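For the record, in the sequence shown the residue sitting at position 205 is 205 according to the UniProt record's numbering, with numbers rising by one throughout.
Just so you know, these hints were derived from the structure itself, not from any lab.
Just so it is clear, the structure is predicted and the values come from calculations on it, not from any experiment.
The C-beta atom is built at its ideal place from N, Cα and C for all residues, glycine as well.
Some hints here could point you the wrong way.
[Said to hold, decoys possible] Computed cross-link-like contacts, DSS-like style, restricted to lysine-lysine with a CA-CA straight-line distance of at most 27 Å:
1. 73 with 24
2. 177 with 201
3. 186 with 201
4. 155 with 187
5. 185 with 201
6. 133 with 122
7. 46 with 3
8. 46 with 133
9. 73 with 178
10. 201 with 122
11. 46 with 177
12. 133 with 186
13. 177 with 122
14. 46 with 178
15. 155 with 133
16. 177 with 133
17. 3 with 24
[To be verified] DEER-style ranges, computed between Cβ atoms:
18. 2 with 124: 38 to 46 Å
19. 123 with 186: 20 to 28 Å
20. 21 with 133: 46 to 54 Å
21. 7 with 131: 36 to 44 Å
22. 224 with 136: 39 to 47 Å
23. 119 with 56: 32 to 40 Å
24. 3 with 221: 26 to 34 Å
25. 66 with 120: 38 to 46 Å
26. 138 with 210: 28 to 36 Å
27. 120 with 75: 46 to 54 Å
28. 37 with 178: 13 to 21 Å
29. 18 with 160: 19 to 27 Å
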Amino acid sequence: MEKIPARCSFGEDSFVFYVFCGMKLEALRAQIFRRWSLSGRRWIIKYCLPSLTDTYCPLCEDGDVDIMYDIHKEHATNPIIIMRVENNESTIMDPAEKDYRYAHTELTNYAVHRGFDWFYIKNDQSRVTARCKGQGCPWRVHASMLGDGLDFAIKTMNNVHTCGCDLKSQHHPRTSKKWIAELVKKKMAHTPQYRPCDMVKDIASDYGVRVPYHQAWCGREVAV
Numbered sequence: 001m002e003k004i005p006a007r008c009s010f011g012e013d014s015f016v017f018y019v020f021c022g023m024k025l026e027a028l029r030a031q032i033f034r035r036w037s038l039s040g041r042r043w044i045i046k047y048c049l050p051s052l053t054d055t056y057c058p059l060c061e062d063g064d065v066d067i068m069y070d071i072h073k074e075h076a077t078n079p080i081i082i083m084r085v086e087n088n089e090s091t092i093m094d095p096a097e098k099d100y101r102y103a104h105t106e107l108t109n110y111a112v113h114r115g116f117d118w119f120y121i122k123n124d125q126s127r128v129t130a131r132c133k134g135q136g137c138p139w140r141v142h143a144s145m146l147g148d149g150l151d152f153a154i155k156t157m158n159n160v161h162t163c164g165c166d167l168k169s170q171h172h173p174r175t176s177k178k179w180i181a182e183l184v185k186k187k188m189a190h191t192p193q194y195r196p197c198d199m200v201k202d203i204a205s206d207y208g209v210r211v212p213y214h215q216a217w218c219g220r221e222v223a224v
């Protein structure tokens, strides 16, 4: 079976694997996501066009994988596929989750990454409604328990910001030690020696914010 080598990066980490002719997107995602223990729709895979090193195209369906393969197969001077995993800014969380607390966590992750803060209009075990704190900004999300009482899902979302997301700086008010603990729990399960200094670097790479070393250390202690 024909194959092309690919290098995929996530934050400062990367690995090399093969993309096979006719490979399905689901199989590609499974191989990449398994590497970093990722899951859900909040992550998107993009590939770099071989002749345009600053242009990345998202992989959204099987046809996109076929096009990526064909383009690189014909590009004999640079046959390796360059890919990366990014936050999918079109979604905050998976369509349906079983715990309202998941909405709190993913809302924080999304806001830190986008660089804005929010306030709750409604916040209880059956519903969460939040709006951007930017003056006059229309960004809003509403999630609630589904009728069966088993799943929690986004019902409506206005994903437009007019505030300029002006909190996008080196710091963010939502990067608490509890937030850091939630971020690093999975990685610490596989890498117990994960150090606070590495956490600081990874958070800066993935979310574009800086957290103090002592806060990363406290987050690690909470996660243990």
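We went through each hint and held it up to the structure:
no.: 1; hint: 73 with 24; in the structure: 17 Å, holds
no.: 2; hint: 177 with 201; in the structure: 16 Å, holds
no.: 3; hint: 186 with 201; in the structure: 17 Å, holds
no.: 4; hint: 155 with 187; in the structure: 31 Å, violated
no.: 5; hint: 185 with 201; in the structure: 16 Å, holds
no.: 6; hint: 133 with 122; in the structure: 14 Å, holds
no.: 7; hint: 46 with 3; in the structure: 18 Å, holds
no.: 8; hint: 46 with 133; in the structure: 31 Å, violated
no.: 9; hint: 73 with 178; in the structure: 46 Å, violated
no.: 10; hint: 201 with 122; in the structure: 34 Å, violated
no.: 11; hint: 46 with 177; in the structure: 31 Å, violated
no.: 12; hint: 133 with 186; in the structure: 31 Å, violated
no.: 13; hint: 177 with 122; in the structure: 24 Å, holds
no.: 14; hint: 46 with 178; in the structure: 30 Å, violated
no.: 15; hint: 155 with 133; in the structure: 21 Å, holds
no.: 16; hint: 177 with 133; in the structure: 22 Å, holds
no.: 17; hint: 3 with 24; in the structure: 13 Å, holds
no.: 18; hint: 2 with 124: 38 to 46 Å; in the structure: 54 Å, violated
no.: 19; hint: 123 with 186: 20 to 28 Å; in the structure: 25 Å, holds
no.: 20; hint: 21 with 133: 46 to 54 Å; in the structure: 49 Å, holds
no.: 21; hint: 7 with 131: 36 to 44 Å; in the structure: 40 Å, holds
no.: 22; hint: 224 with 136: 39 to 47 Å; in the structure: 43 Å, holds
no.: 23; hint: 119 with 56: 32 to 40 Å; in the structure: 34 Å, holds
no.: 24; hint: 3 with 221: 26 to 34 Å; in the structure: 44 Å, violated
no.: 25; hint: 66 with 120: 38 to 46 Å; in the structure: 44 Å, holds
no.: 26; hint: 138 with 210: 28 to 36 Å; in the structure: 29 Å, holds
no.: 27; hint: 120 with 75: 46 to 54 Å; in the structure: 50 Å, holds
no.: 28; hint: 37 with 178: 13 to 21 Å; in the structure: 20 Å, holds
no.: 29; hint: 18 with 160: 19 to 27 Å; in the structure: 40 Å, violated
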